[in-house]
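Trainee: So the protein sequences, as listed, match chains A and B.
Read in the numbering used here, the first sequence has 141 at position 141, and its numbers run on one by one without any break.
Here the numbering used here = 1-based position in the second sequence + 236.
Hints listed in this document are in silico derivations from the structure and should not be mistaken for laboratory results.
Glycine included, each C-beta is placed from N, C-alpha and C at the ideal position.
It cannot be assumed that every hint is accurate.
[What the hints assert, rightly or not] Not the full set, but computed from the structure, chain A residues with beta-carbon under 8 angstroms of chain B:
(1) G86
(2) T135
(3) R146
[Said to hold, decoys possible] As a list, the in silico BS3-like pairs of lysine-lysine whose alpha-carbon atoms are at most 30 angstroms apart:
(4) A/K110 to A/K235
(5) B/K488 to A/K102
(6) A/K110 to B/K561
(7) A/K104 to B/K488
(8) A/K94 to A/K110
(9) B/K588 to B/K488
(10) A/K235 to B/K623
(11) B/K623 to A/K110
(12) A/K235 to A/K102
The primary structure of each chain is shown beneath.
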Amino acid sequence: MKLLKNFRDLSLSKRRKLTASISLPALAAVMIVGFQNCSPGMMETKGASVPDPNANPAPLDISQDTKPITIVYSENLLISMQQMAGVTTVPAAKITRFLSAKTKITETGKVDSVNAPMMSAIANTAADVCDELITRERALAAGDRRFLGLVDFTNIQGSAGITEAAKDEVIRRMARSFWGRNESSAERVLIKRMLDEAMADGRPASFTATTAATDTANAMLFVCTSMMSSLDAIKM
Amino acid sequence: MTSYSETTTRTTTFIRIGGGILLGAAALWSRPAHTQAPVTPIIQSVPDPNATISSHRARAQRLFQALTAVRVPIDDPRLGQMEILLRANRHQDAAAVATADPLFYDVRVRDIARAMSTRDASVRASLNDFVTTFVGVVRDSDTTSAKELLTGNFIYQVDPTIASSATPAIRNTDNDIFTVAGNNAAPNHFLDLEARGLSMHSVLRRRSPQRAFVNGTLADHPDPAGLITSTAFMQAHAVAGTNRRLVEYTFKMFMCVTMPEWADGSAPDNRVARDVDRQPGGSLNTYLTSCKTCHAQMDGFRGAFAHVDFVNGQARLTPATVNAKMNRNANEFPAGYQTTNNSWVNHAINGKNSQLFGWRTPLQGNGMSEFGRAIAESRGFSRCMVKRVFEGVCGRSPMPNEEGRILDHANQFEVDNYHLRRLFERVALDNVCVQ
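Here chain A stands alone, though its shape is the one from the complex (with noise of 0.2 angstroms):
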């Protein structure tokens, strides 16, 4: 974790080590605990009536309460991904690697045809369009951002100085965009917990304007990448 700030400035080997250590491990618990039960398709609840997407889910009765989903595909994912994220456009470079990574997606959109590398590639994208985001929003004045209003990019503490305030829109505006819902409390709770955890780990003792700057929207890049390719805002 202490090489999670500047990882922009990481050497390749290094980013590649930080890969194997912890990312190859975490998506395979995500695998092992998040889809062992659900081949062939995923199932959301229903409910007994339309459900309230301002309130936590009620417990689900499997029989009764489910019905299947299907995710985005190969040929929705960025402009889902850009609708989502009020991004127009989207830098050649950054469609070229899309391109290259539509191949480790699913063309079809079934839950079972999920897998890692598939994940990955979606993670990959989200981060390229959270990137553009935060880039546009950044050259917003405040009133004007949809997601990053009340983040002060100035503030010389970095991502220290993203007040509780600032930290709850950001995440309460994610999660309607992203998810078309508002986030429970729970989630809220543990994003922000992970978000301070992971930019706490090696912050330098004092910053630049630049680098605090950076150090801000790489918070930002956090959470909105998390976010972006968690799996209720890739389900259709």
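Chain B: place on chain A using the hints.
Mentor: Same frame as chain A, now just chain B:
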């Protein structure tokens, strides 16, 4: 059994690993290169993060996403419009908001058509005249019946004015539209359309008549049959072989039946060609119980394609001459049927096939136009279009106990004069599709 707490744990576990995935993402950048413009405008607004999300708004989102195949934020203004209409019980109008959106054509309809346009049924197929024509017919549903997908004498291409003003220009000569160069997946015109990322909803224009290479020269198509005689369909199914694939895939794509599903040993085999061995492995019984069940019907229809071939990137017709591939391997069974013209006979009329297809036209004809018409007028075509829309919009195949619903939709589709766009809306509003 999955409880909410387990679901929550999985969800939170997934979110938890977001940091790890991010690191993985950082390590996985590759560096390739092309340009692709955005498909549609992105709604830009700063919504109220504390606004209540009504059940109508949530349903509007599900409807919009099902119809367009694109996820949008819950606060998207288009969903606001749909919410108002849903509250007023104007459900069809609400669905029409989605089908008026470019995303509906540029993603949902496009991908249904892409999968139908090539042999491997992949949504990753390049844009081609089959796809653009399908999208165009859906867009122009108010004036164009879906039957014209198989009977029409037109294709859809980029409006020439728009093509020439694109940057760089979209290649637009007849050769660029009707010839597939080298190992390209499609003619240049359609590859360029895809590369420019233009919205098909806005740029497509109908072009009539269809064209093909008649006796070596590009000319008006003498025997058009909509998508069947599109360059893409010919490229996929008329290349090499014996032109049986054209019959097989017409039924697969427009009747939604595979060969084994319509195999019938009781069909007469008077049209089974000479290249089919009547005693494969020395057994007449094998022929009678296996080969004949498909060939009797398939070879009956095959004559429709007697004059067509796809060679060197071109759909080629020789109206006065039967293509040699129709009568190849004649020594297998010299007493078999020899194709001498483009006549065809419908032998798919016995037993279950009479119910399956619901034929409404004469049981024989000449050429691809009459063959296309026979398919388009059949009950099987209506049912298949419903099934294709259902699978696209609802994200699954209909269950056996939903056959009644499919037939109801097919009935309404015919009453609506085969209005494809309205079919999409009605299927999406069906509560077994989007709730």
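Trainee: A separate judgement is required for each hint: does it hold in the structure or not?
Mentor: Results of checking the hints against the structure:
1. G86: The hint holds - A/G86 has a Cβ within 8 angstroms of chain B, the shortest such distance being about 6 angstroms.
2. T135: Since chain B brings no Cβ nearer than about 15 angstroms to A/T135, farther than 8 angstroms, the hint is violated.
3. R146: 5 angstroms, holds
4. A/K110 to A/K235: 10 angstroms, holds
5. B/K488 to A/K102: 27 angstroms, holds
6. A/K110 to B/K561: 40 angstroms, violated
7. A/K104 to B/K488: Distance ~28 angstroms between A/K104 and B/K488 Cα, so the pair holds.
8. A/K94 to A/K110: With a Cα-Cα distance of about 26 angstroms, the restraint between A/K94 and A/K110 holds, given a limit of 30 angstroms.
9. B/K588 to B/K488: Holds, at roughly 17 angstroms.
10. A/K235 to B/K623: At roughly 22 angstroms apart (the allowed maximum being 30 angstroms), B/K623 and A/K235 satisfy the hint.
11. B/K623 to A/K110: Holds. B/K623 to A/K110 sits at ~17 angstroms (cutoff 30 angstroms).
12. A/K235 to A/K102: 17 angstroms, holds
Violated hints for the displayed structure, listed by number in ascending order: 2, 6.
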